[in-house]
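S.K.: In UniProt numbering, the protein residues as written are 1 to 572.
I should point out that these hints are in silico values taken from the structure, not numbers from a laboratory. Worth double-checking, as some hints may not be accurate.
List time: in silico EDC-like cross-link candidates among lysine to aspartate or glutamate, alpha-carbon distance up to 20 Å [claimed, not checked]:
1) Lys560 to Glu43
2) Lys3 to Glu59
3) Lys388 to Glu365
4) Lys534 to Glu570
5) Lys13 to Glu43
6) Lys292 to Glu502
7) Lys565 to Asp10
8) Lys242 to Asp267
These figures come from a predicted structure and were not determined experimentally.
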Amino acid sequence: MFKEKRDTFDNKKFYEVSLQGKQLLLNSFLNKDTAFTLEERKELKLEGLIPNVVETLDEQVVRVYGQYLKKDTDIERNIFLTQLYDRNETLFFRLLQEHLVEMVPVFYTPTVGDVVQQFNQNFRRPRGLFISYPQMSQIDEILENLPEGYDIKAVCVTDSEAILGIGDQGVGGIVISIAKLAMYTLCAGFHPTKVLPIVLDVGTNNKEFLQNPLYLGWRHERIRGEQYDDFIDAFVTALRKKFPNIYLHWEDFGRQTARKNLDRYNDQMCTFNDDMQGTAAVTLGAILAGLKVNGTKMSEQRVVIHGAGTAGCCIADQIIAAMVADGLSEEDAYSRMFLIDKDGLLHSNMDHLEYFQKKYAQPVEIYNNWDRVKGKVIQLYDVVKNIKPTILIGTSTQTGAFNEEIVKMMASYCERPIIFPLSNPTSRSEAIPANLIEWTDGKVLVATGSPFPEVRYKGKVYPIGQCNNAFVFPGLGLGVVAAKATRVNNEMLVACAKVISECAQVNKDPTLSLLPSLTDITHVSYKIAFATAKAAQLTGVAPTTSDQEIHNSIHENTWKTSYVKYVFKENI
1 MFKEKRDTFD NKKFYEVSLQ GKQLLLNSFL NKDTAFTLEE RKELKLEGLI
51 PNVVETLDEQ VVRVYGQYLK KDTDIERNIF LTQLYDRNET LFFRLLQEHL
101 VEMVPVFYTP TVGDVVQQFN QNFRRPRGLF ISYPQMSQID EILENLPEGY
151 DIKAVCVTDS EAILGIGDQG VGGIVISIAK LAMYTLCAGF HPTKVLPIVL
201 DVGTNNKEFL QNPLYLGWRH ERIRGEQYDD FIDAFVTALR KKFPNIYLHW
251 EDFGRQTARK NLDRYNDQMC TFNDDMQGTA AVTLGAILAG LKVNGTKMSE
301 QRVVIHGAGT AGCCIADQII AAMVADGLSE EDAYSRMFLI DKDGLLHSNM
351 DHLEYFQKKY AQPVEIYNNW DRVKGKVIQL YDVVKNIKPT ILIGTSTQTG
401 AFNEEIVKMM ASYCERPIIF PLSNPTSRSE AIPANLIEWT DGKVLVATGS
451 PFPEVRYKGK VYPIGQCNNA FVFPGLGLGV VAAKATRVNN EMLVACAKVI
501 SECAQVNKDP TLSLLPSLTD ITHVSYKIAF ATAKAAQLTG VAPTTSDQEI
551 HNSIHENTWK TSYVKYVFKE NI
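Model the full structure from these sequences, guided by the hints.
M.R.: What follows is the structure in structure tokens.
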């Protein structure tokens, strides 16, 4: 279909393409719309198929931005951007680059959650792969249906069980995989033809979808247990057979499967779960930035995490690693970590804990002498009152869990408490930043999981940093591919967290955000790519090269949003 070449005279890049006419215009990566030159129009049989004027990419951006501004709602804007993406990828990415802060929340989170829910009603054109359980024996053949010329380096796959904060979304989860991979390109310059979004359609337990005549997925309740495991194994086996060095990004899997899938394949291939590891890395980065502000060490912290699912436990894993790196023994570090789920504080008398929760079960002797509310469940209030945490993190999706009483209690003994309500979407957040700032009289160091507007309190402006995983996963993926890493390990994630803290806006002004600015995300992603590649080399999961060779490899794997010259070649 196309092949990248270099001109022997000036070394400029150009593409040999085997498509002509309407076929070329229908290829979203190769299509330039009105930017095809007169010479290209003649050679590629486009004369008469597009208007007469030859436009530049910049001129095209002006037009489509004007069209974008005429849309009234974020859903309409998302649909417009998706249609542009499906028509002309270069123009799509240039538009988003030039209006990053404005458009990322529309194409990505939080609007993407609404788009997923409306997938079946608004379906227009397929992108990526849809692999359903009844096709288990055909996965090899399905992968062979990919277009020629697409050298896939990264896959984002979901089974749609735990989409954002809205739960089981069935086949519509493909939208999340598409949006995630678009962020790889937008933020880190990942080549659009080297990524592949996939949804594993294992059924749905969403009764609304099962009863909806417009539902596009496999109409069956979710498969579980051995059936599910065998299907996942068949998928991974086929994927590795087709792409032996693939980087596999797991997205929005359920509590019962997310950690299990990652742990099962983590020692076999280069794989990464963004909901767990990406969330943990960006959260640790924000914490490290906060510690610079309040002048304390990681080894001095007492941490409460409200929400002991896969994300909460993975955040705990990263914090424990940071505490140990700061000089604590593992035993001492675990004694400073308290996790709470729907049944209260995790403790050793619980017999229903998941395997990844058990190491966080505190000995029952801890709370025997606590002054607490009577009852079997040890609640968040009890833990905060008795432990006196310096860091409070929410991954529970329990709206308002961090109430005024709890927050004021924390502020009474902690000069600059770190409080992160991370649950998505905004309606599920454990607290509203404006309340946290008011209840602590401006002392709180806050970051959120959803975007919130800046807060004005007592004449000061408090920008609210969002622990957006997009600060991590695009650069991490680029670093993995550039370094030819065979695994994603903890050291690589810690390296990402350190970059986040180094790039945080609060380093310039203590009243600013604990996260980098979204406008700097390309710069941050590049630094994360380098840090990831370097950590991979230092830990033996990537070939050792010089720092300059790492930079060169990152540059070689980065795609620029610009048009290049096309030359027709029938057989590529």
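S.K.: Which of the stated hints cannot be reconciled with the structure, identified by number in ascending sequence?
M.R.: 1, 2, 4
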